[in-house]
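> Dock chains B and C with the ligands against the given chain A, drawing on the hints supplied.
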Amino acid sequence: MASSSNDAPHYYVPHQTIWPFMMSVGLTGLVLGFIHYLNGDSGTFLMLAGAGLLIYTLFRWFGEVISESEGRQYGKWEDGSFRLGMSWFIFSEVMFFAAFFGALFYARTLSVPWLGGAGEEAETHNLLWNTYQAIWPTNGPADVGGEFEAMPAWGLPAINTLLLLSSGATVTWAHHALKANNRQHLIYGLAATVGLGFLFVILQAVEYSHAYHEMNLTLHSGIYGSTFYMLTGFHGMHVTLGAIILTVVLFRAIKGHFTPQNHFAFEAAAWYWHFVDVVWLGLFIFVYWL
Amino acid sequence: MNAQAVQHADHDHHDHGPAKGWMRWLTTTNHKDIGTLYLWFSLLMFFVGGTMALVIRAELFQPGLQLVQPEFFNQMTTMHALVMIFLAVMPAFVGLANWMIPLMIGAPDMALPRMNNWSFWILPFASTMLISTLFVDGGAPAGGWTMYPPLVLQTGAAFPMLIFSVHLLGISSIMGSINIIATIMNLRAPGMTYMKMPLFVWTWFITAYLLIATMPVLAGAVTMLLTDKYFGTSFFNAAGGGDPVMFQHIFWFFGHPEVYILILPAFGIVSQIIPTFARKPLFGYSSMVYATASIAFLSFIVWAHHMFTVGMPVAAEVFFMMATMLIAVPTGVKVFNWVSTMWKGAMTFETPMLFAIGFVVMFSIGGFSGLMLAIAPADFQYHDTYFVVAHFHYVLVPGAVFAIMASVYYWLPKWCGHMYDEKLGQIHFWLSAIFVNVLFFPQHFIGLAGMPRRIPDYAVQFADFNMISSIGAFGFGFSQLMFAYIVIKAVRGGKQATDQVWEGAQGLEWTLSSPPPYHSFSVQPHIK
Amino acid sequence: MKRKHIAGALVAALLSPLSAWADWGMNMPRGVTELSEEIYGLHMAAFWVCVVIGVVVFGAMFYSILKHRKSLGVKPATFHESTTVEIIWTVIPVIILVSLAIPAAQALVKMEDSSNSELTIQVTGHQWKWQYEYPEQGIKFMSVLGSKSREASALGSGIAPGSVEHYLLEVDNPVVVPVGKKVRFLFTSNDVIHSWWVPDLAVKKDAIPGFINDMWVKVEKPGTYRGQCTELCGKDHGFMPINVVAMDDAGFQAWVDEQKAAAAAAADDSNRVWTQDELMAKGETIYKSTCAACHQASGAGIPGAFPALTGSAITTGDLKGHVDIVLHGKAGTAMQAFSSQLSDADIAAVVTYERNALGNSVGDMAQPADIKAMR
Ligand code: HEA
Ligand code: HEA
Ligand code: CUA
Ligand SMILES: [Cu+2]
Numbered sequence: 001m002a003s004s005s006n007d008a009p010h011y012y013v014p015h016q017t018i019w020p021f022m023m024s025v026g027l028t029g030l031v032l033g034f035i036h037y038l039n040g041d042s043g044t045f046l047m048l049a050g051a052g053l054l055i056y057t058l059f060r061w062f063g064e065v066i067s068e069s070e071g072r073q074y075g076k077w078e079d080g081s082f083r084l085g086m087s088w089f090i091f092s093e094v095m096f097f098a099a100f101f102g103a104l105f106y107a108r109t110l111s112v113p114w115l116g117g118a119g120e121e122a123e124t125h126n127l128l129w130n131t132y133q134a135i136w137p138t139n140g141p142a143d144v145g146g147e148f149e150a151m152p153a154w155g156l157p158a159i160n161t162l163l164l165l166s167s168g169a170t171v172t173w174a175h176h177a178l179k180a181n182n183r184q185h186l187i188y189g190l191a192a193t194v195g196l197g198f199l200f201v202i203l204q205a206v207e208y209s210h211a212y213h214e215m216n217l218t219l220h221s222g223i224y225g226s227t228f229y230m231l232t233g234f235h236g237m238h239v240t241l242g243a244i245i246l247t248v249v250l251f252r253a254i255k256g257h258f259t260p261q262n263h264f265a266f267e268a269a270a271w272y273w274h275f276v277d278v279v280w281l282g283l284f285i286f287v288y289w290l
Numbered sequence: 001m002n003a004q005a006v007q008h009a010d011h012d013h014h015d016h017g018p019a020k021g022w023m024r025w026l027t028t029t030n031h032k033d034i035g036t037l038y039l040w041f042s043l044l045m046f047f048v049g050g051t052m053a054l055v056i057r058a059e060l061f062q063p064g065l066q067l068v069q070p071e072f073f074n075q076m077t078t079m080h081a082l083v084m085i086f087l088a089v090m091p092a093f094v095g096l097a098n099w100m101i102p103l104m105i106g107a108p109d110m111a112l113p114r115m116n117n118w119s120f121w122i123l124p125f126a127s128t129m130l131i132s133t134l135f136v137d138g139g140a141p142a143g144g145w146t147m148y149p150p151l152v153l154q155t156g157a158a159f160p161m162l163i164f165s166v167h168l169l170g171i172s173s174i175m176g177s178i179n180i181i182a183t184i185m186n187l188r189a190p191g192m193t194y195m196k197m198p199l200f201v202w203t204w205f206i207t208a209y210l211l212i213a214t215m216p217v218l219a220g221a222v223t224m225l226l227t228d229k230y231f232g233t234s235f236f237n238a239a240g241g242g243d244p245v246m247f248q249h250i251f252w253f254f255g256h257p258e259v260y261i262l263i264l265p266a267f268g269i270v271s272q273i274i275p276t277f278a279r280k281p282l283f284g285y286s287s288m289v290y291a292t293a294s295i296a297f298l299s300f301i302v303w304a305h306h307m308f309t310v311g312m313p314v315a316a317e318v319f320f321m322m323a324t325m326l327i328a329v330p331t332g333v334k335v336f337n338w339v340s341t342m343w344k345g346a347m348t349f350e351t352p353m354l355f356a357i358g359f360v361v362m363f364s365i366g367g368f369s370g371l372m373l374a375i376a377p378a379d380f381q382y383h384d385t386y387f388v389v390a391h392f393h394y395v396l397v398p399g400a401v402f403a404i405m406a407s408v409y410y411w412l413p414k415w416c417g418h419m420y421d422e423k424l425g426q427i428h429f430w431l432s433a434i435f436v437n438v439l440f441f442p443q444h445f446i447g448l449a450g451m452p453r454r455i456p457d458y459a460v461q462f463a464d465f466n467m468i469s470s471i472g473a474f475g476f477g478f479s480q481l482m483f484a485y486i487v488i489k490a491v492r493g494g495k496q497a498t499d500q501v502w503e504g505a506q507g508l509e510w511t512l513s514s515p516p517p518y519h520s521f522s523v524q525p526h527i528k
Numbered sequence: 001m002k003r004k005h006i007a008g009a010l011v012a013a014l015l016s017p018l019s020a021w022a023d024w025g026m027n028m029p030r031g032v033t034e035l036s037e038e039i040y041g042l043h044m045a046a047f048w049v050c051v052v053i054g055v056v057v058f059g060a061m062f063y064s065i066l067k068h069r070k071s072l073g074v075k076p077a078t079f080h081e082s083t084t085v086e087i088i089w090t091v092i093p094v095i096i097l098v099s100l101a102i103p104a105a106q107a108l109v110k111m112e113d114s115s116n117s118e119l120t121i122q123v124t125g126h127q128w129k130w131q132y133e134y135p136e137q138g139i140k141f142m143s144v145l146g147s148k149s150r151e152a153s154a155l156g157s158g159i160a161p162g163s164v165e166h167y168l169l170e171v172d173n174p175v176v177v178p179v180g181k182k183v184r185f186l187f188t189s190n191d192v193i194h195s196w197w198v199p200d201l202a203v204k205k206d207a208i209p210g211f212i213n214d215m216w217v218k219v220e221k222p223g224t225y226r227g228q229c230t231e232l233c234g235k236d237h238g239f240m241p242i243n244v245v246a247m248d249d250a251g252f253q254a255w256v257d258e259q260k261a262a263a264a265a266a267a268d269d270s271n272r273v274w275t276q277d278e279l280m281a282k283g284e285t286i287y288k289s290t291c292a293a294c295h296q297a298s299g300a301g302i303p304g305a306f307p308a309l310t311g312s313a314i315t316t317g318d319l320k321g322h323v324d325i326v327l328h329g330k331a332g333t334a335m336q337a338f339s340s341q342l343s344d345a346d347i348a349a350v351v352t353y354e355r356n357a358l359g360n361s362v363g364d365m366a367q368p369a370d371i372k373a374m375r
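Chains as they are written, first to last, in our numbering: chain A, 1 to 290; chain B, 1 to 528; chain C, 1 to 375.
Same shape as in the complex, but just chain A:
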């Protein structure tokens, strides 16, 4: 038999809200604008309007969540949902990256060697791509995009690796500070992390510019260029997003939010940051180094 008791915990179910709907409107506007642009029409206005609405909505939506959080509406139970939500979201992101890593591995271990005549594909090479030498990095048998240089690992990318690894350390520092209720160090740690993050993005932009202008390494550079920019670009977007999230957390920390016991937003941002970090290690090894 089941019984009910009145001292049981109560789960916080929020009021009605228009923000999710507005998010969809904003997102749809943004995407439609982009679609117009891709189809050769002008979609700038729609894109900007959509993005504007999206950002405004995010502010309002998260604003609501933050004030509920600061108003102590959430307890352990709600916290559990947030943690699960964030972890599974990160898992979905892992799988997103897996698709692109999969493309890289497939190209390197299967399609490029096949085009070069490996395995059972001898005829592919003999009849179609006779002069092609399958050596990674490659822009394919038709020399798509023209001759290019591959991005070496031990220049900017290595520096970027250092930056991201240290930012992982600084965010942990901030976390320890938060748990010890040392607000000063919390803010320093966060600020350092945000700074390192944006610095990473800037260096990445420098690297891209160098690749485009001096190395003729572009999105058009066959499969090497495709996988290189897709993976690093997608990662760069995630770093940017992570840095923005950390910035919000930083401002909240400055405003005195979070307690040593209760700071899920901080932790979520930190998880996300570590995830971005780990992906970068994969990138560094498989895209730049090996």
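No false leads were mixed into what you were given.
Computed spacing ranges between beta-carbons, pair by pair:
| # | chain 1 | residue 1 | chain 2 | residue 2 | range |
| --- | --- | --- | --- | --- | --- |
| 1 | C | Ser-340 | A | Leu-58 | 49 to 57 Å |
| 2 | A | Ala-153 | B | Arg-24 | 55 to 63 Å |
| 3 | A | Leu-58 | C | Ala-60 | 55 to 63 Å |
| 4 | C | Lys-330 | A | Gly-63 | 47 to 55 Å |
| 5 | A | Trp-136 | B | Ile-301 | 20 to 28 Å |
| 6 | B | Thr-128 | C | Leu-72 | 49 to 57 Å |
| 7 | A | Tyr-212 | C | Thr-224 | 52 to 60 Å |
| 8 | A | Leu-281 | B | Met-185 | 24 to 32 Å |
| 9 | A | Phe-59 | B | Arg-24 | 23 to 31 Å |
No lab work stands behind these hints: they were computed from the structure. Predicted, not measured: the structure shown is a model, and the values here were computed from it. We put the CB at the ideal spot given by N, CA and C, even for glycine.
Showing chains B and C with the ligands alone in chain A's frame:
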């Protein structure tokens, strides 16, 4: 599950009932409202996708082009599949999850109610974007729901709309699944251990995991299509070192688990219904759970059975063949368990039970043809013929769709508090069951005899069976108007349903009033 | 006892029409190669396994439905698990499956072994036709849907498909193979993925742009074998059939000689000067067989997908630009490069035709020599 909740007074600390008017539906954070939205949306899309199917079947009624041009036919095939899968069947299951999971595990709502609203409210936008491709320059996507390059890259202005609607639908499914997982893991009533959860909850738990693991992969695949078309990348272009077949690998890494996403919740539904009407506990509860998990695991390592003809190395073909055949084992366990549940029960045959039995038989027929397809050398003959079309419609229509209908008949009295018209329900079942076989059974023969799929016109020797199939399609389609009628009639009124509704029903949802209070289980029951 | 009867009756009921269906061609064809027979055997084995399992499982289920119903006053039992039966019904299917998988794997290995072939034919898919090349014999030609089928299939044609022999399964130029020899097919594509399938030969292989797939056949019986493209390849996917004619050695040799003579004549065509009328006549046939699928017989195109040639800036503009797009196509669109498919004379003819028919009247013409110069 011998738990009963004593939950009548609604301890609502927030005093928010539903908002008034249509704003209620835009702004709701209530799992029941959102479930209802999903379900109506899905029914609407079922008719849209079905209408497209009827265009296909009308064109195939006779050889020779009768009604539409080939390119429009291909658009219909493509859109029919996308609409049915992404806008009809998946949202129906999510709607059921929204309505039932909190009720079945004694949760106050879904774990992340605002995000829940967002998951739904992406759908109308994404689907409008997808369906409106029918009206743009060059028409709707016509490269098949599988979107293989390079063909799909020839799509006109619809191309980016296709890609971004897939992205949006993906976001919706991922958010929805995260919510379901968080709800199940975090909001179960005290004492509701994992191995006490109703099977519908279990199957959704695993389905949600499949969704989170595969929808992002699909998103990645279509992103690469987008950059190949507009930004000069060479992922799927041999000249640049890529490979068109690479897309197929990535797509089917999503696509195969996707077909189990379309069937696992159906397994769950049937596992709820059969014990109720057999008045006997489900046979082999724990093996059902393990079988579901095994199917989910195997679904990740069989994808290339859709690609036996692309010219893979022999070793890969043998591996994928054997892994695929293995799925018959856990699926068989499920079928045997259902039969054993019925065995020596005291059965009655109300509409939900009829649909559930129809499911077991006809899903298995589809499973059998799936097993035949798995045999790689034979698949060289079956592949891309109507034999495949027959296979997947058997698992999808009298499989997934019948299960959804069974669940609607089963839970509708709980949702709206009125009984549906049992006599009409029975007629609906028999018409559906007969016509669905007239529709899809002959397709096995035309496939074996050599008719390829995705063609608007065919050689005259296939004419007779195509005509029969088309007659079946119209019969089946119009029978579904009855379903809409029965549901609407029950929602508007009818005999008051009891809390228990069905004599043999077990589980927390039946301890609530019919319809349940707007906020149920604000105080969780304890399960012993 | 009774259950056995029902099962027996069911099997018999299923059996009798099945043999009848085989005659109507409603089962998988046995085909004309050793491998096609083997595949047929696998197919039937799997089919019977499924039938037997189905009969047993649903037999039990329907028995239960008949006997264990509440209206008969049955009291429900309460059992809900049994490890023993669960193990049994896990192990037995595994055994059945393994015994199906082993012969299947053996067949696969045989099918994929195309070594020691005696003739090679390269097949290239195009939207929407097949190109066959015999590299050792120096033969190369296109194969498209027969014109009778094409006319009859058009929307509102008024021609009954039944009145066309081998409706949709006839081509202008069939591919010819010798009987009793191991013939190796190489597949690739010029544009999108196609798939080459002839049921009687039990070959289905995708033609993938940029890659070569292979497959072999050894046809045992002379005859004409018909198939179709089986990978969705755009608008006319349903209209790119395949005909394989298997001949004895002498017949095959005669065919090869004939093809060589025809090729020589075509080469001559490209070396002489043509009159406008000759060009227009030849241009019309080529336009109908090669271009009309997209640009339509009238030249009106299909808005949004294929541009109209009537009054288009290119077909009424500079001759060079017109020849250029036909020769080299337009990358990233369905407009393919025809330089490898059509001879100089063909291209001169079709360009001249497009400029002076389809509602255009530019008045100029192209000569094969002009085309040669632009290649
Ligand atoms: C709900 C969706 C669903 C489900 C559940 C399945 C289930 C299965 N499918 Fe199917 N399939 C599709 C949807 C689905 N499929 C779709 C949509 C396509 C086409 C996609 C496209 O190209 O557009 C497809 C295509 C498809 C192919 C590719 C065909 C081709 O294109 O050439 C193959 C090949 O192996 C296959 C195999 C299987 C197998 C082995 C199962 C197994 O899971 C079936 C297991 C069940 C049983 C076997 C029956 C019950 C078991 C017993 C009673 C026990 C005893 C039985 C034995 C020992 C035999 N499917
Ligand atoms: C869940 C998925 C699902 C469902 C439910 C269905 C349901 C149906 N499908 Fe389909 N189908 C697919 C998934 C599905 N299908 C997929 C994945 C493909 C492959 C696509 C590809 O090749 O890319 C496919 C392809 C496909 C083909 C092959 C097309 C081709 O190869 O060219 C055919 C042909 O007969 C077909 C028919 C049908 C029919 C008759 C139904 C019927 O069950 C539909 C019944 C429902 C109705 C008919 C609705 C009732 C409507 C009315 C009565 C009209 C009233 C109108 C208004 C009120 C506006 N489907
Ligand atoms: Cu070529 Cu289909
Ligand atoms: Cu599959």
